[in-house]
Amino acid sequence: MFTVAILTISDMGFRGERIDASGDVIRQMVSRLEAQVVEYGIVPDEGPIISAKLKEWADRGDVDVIITTGGTGLGPRDVTPEATLAVVDRVVPGLAEVMRAEGLKQTPYAMLSRGVAGIRGQCLIVNLPGSPKGVAEGLEAILPVLTHAADILKGRTTDHSSASKVE
Amino acid sequence: MFTVAILTISDMGFRGERIDASGDVIRQMVSRLEAQVVEYGIVPDEGPIISAKLKEWADRGDVDVIITTGGTGLGPRDVTPEATLAVVDRVVPGLAEVMRAEGLKQTPYAMLSRGVAGIRGQCLIVNLPGSPKGVAEGLEAILPVLTHAADILKGRTTDHSSASKVE
Amino acid sequence: MFTVAILTISDMGFRGERIDASGDVIRQMVSRLEAQVVEYGIVPDEGPIISAKLKEWADRGDVDVIITTGGTGLGPRDVTPEATLAVVDRVVPGLAEVMRAEGLKQTPYAMLSRGVAGIRGQCLIVNLPGSPKGVAEGLEAILPVLTHAADILKGRTTDHSSASKVE
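In order, the protein sequences belong to chains A, B and C.
In this text, residue positions in the first sequence follow the working numbering: the first is 82, and each later residue adds one.
In this text, residue positions in the second sequence follow the working numbering: the first is 82, and each later residue adds one.
In this text, residue positions in the third sequence follow the working numbering: the first is 82, and each later residue adds one.
So that you can see chain A by itself, here it is in the shape it has in the complex:
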């Protein structure tokens, strides 16, 4: 069992000019796991605001995984990866690599997705693209490892993890 926070990053969503379909996709897909959504929010595409929200949730202690959607493209307002990198201690490059590789099976534009993943304290932060389709494809690719990742981060598999390092 682990907890999830969903952060939608979208100027239009924040202004209420658009329904947050992508946040709903995350919520539905996460429900397939032994996971509980404990936070949800929408912020505009502003680096400092995104970083502040990620820090607030990650440092609170009861959020295991933060999943963001939006702001990962090439547009001038797309700064989610930079706002994420600004607050993580350690990056997890493989999660973003896998999401892009899976996305490329659907469309070459997936190579333009700039999402990152990283760890702040004991919290994993993962950037997904903005579109519901991009979210579904990206999350599908990493869903199989999220529970294990949360367990390691919370120290619930410390012994096994330490052992497996050398054995």
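Careful: at least some of the hints might be erroneous.
Same chains, same names: a pair is fine if it fits in one copy or spans any two.
[What the hints assert, rightly or not] Keeping only pairs whose Cα atoms sit at most 25 Å apart, straight-line, the calculated SDA-like set for lysine to any residue is: (1) Lys214 with Asp232; (2) Lys235 with Arg158; (3) Lys186 with Arg141; (4) Lys186 with Thr84; (5) Lys235 with Thr188; (6) Lys235 with Glu120; (7) Lys186 with Gln117; (8) Lys136 with Lys186; (9) Lys186 with Gly122; (10) Lys186 with Ile130.
It is worth saying that the hints were derived from the structure and are not from the lab.
Here the structure of chain A is known, so what remains is to put chains B and C in place on it, guided by the hints.
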């Protein structure tokens, strides 16, 4: 329609001891797109010189995409990725990942190519390897998305881009 | 012919509570190449200690490639990638990408492996996972290019390398 600048990075090319076949390959391949080559230059493998030229072109406002060739290997003079990272605001990891993945289908040495891609202002900068073969393979992999990338960076598809973030 | 140093990073291995099977796997696999293992050590999962050992070996001049095992996961003590990034001048992202991509053919958990590769001076440093299985799979993927990489870094193929940049 977008504009391209080609920067060949090579000590021997700069000294006129070698024909710049790779620059020609870029020129030919780019001509398949609705693109116009507006600048071309050769610089030696010197970080500050490479960075200065990238800044000059990116900040001028009329260059949408800069494609470099050379300086991405393990040799002591190969510093193109570092010179590029020094001037970009945001990285686009997927472009480099795709070029290496495609290159690996031809040769395992592709995993040693250290090229990066990133954005400075509204200009996309992409590092290609130095050999004509490496350039052809790498550019082939990203050619399908260059026009779209330039459109987003210039704000020509801003509305669609913003919309697709949440929808 | 090139030289290799093996660094096992493991709290339990350092305390003598576990046999270093992964170090042995590296030793056996490297023996397939024209390579000589000139150093071997075990350090705990402490960033500054890892960085200091990497610097010591890389700066000595007689170590061409350092292969580390351990400390690349999500656990709170897993800091090998950060300790490596702290001492390299230039990163070689393709080596880590390839190892993860190969690992994914065996298990989705490979996407959580955070290993990096980079160059300090003329020495290549590569992080492998901690488990013998992870080490074997990762090393298998990059073994075909290690000799060439060492040759370029030591300047033994300088002429060819410079030539291939433009030609």
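Going through the hints against the structure:
no. : hint               : verdict
1   : Lys214 with Asp232 : between (28 Å within a copy, 21 Å between copies)
2   : Lys235 with Arg158 : between (34 Å within a copy, 12 Å between copies)
3   : Lys186 with Arg141 : neither (37 Å within a copy, 36 Å between copies)
4   : Lys186 with Thr84  : neither (30 Å within a copy, 29 Å between copies)
5   : Lys235 with Thr188 : between (36 Å within a copy, 22 Å between copies)
6   : Lys235 with Glu120 : within (18 Å within a copy, 35 Å between copies)
7   : Lys186 with Gln117 : neither (30 Å within a copy, 30 Å between copies)
8   : Lys136 with Lys186 : neither (33 Å within a copy, 34 Å between copies)
9   : Lys186 with Gly122 : neither (30 Å within a copy, 36 Å between copies)
10  : Lys186 with Ile130 : neither (33 Å within a copy, 39 Å between copies)
Checked against the numbered hints above, the structure violates hints 3, 4, 7, 8, 9, 10; every other hint is satisfied.
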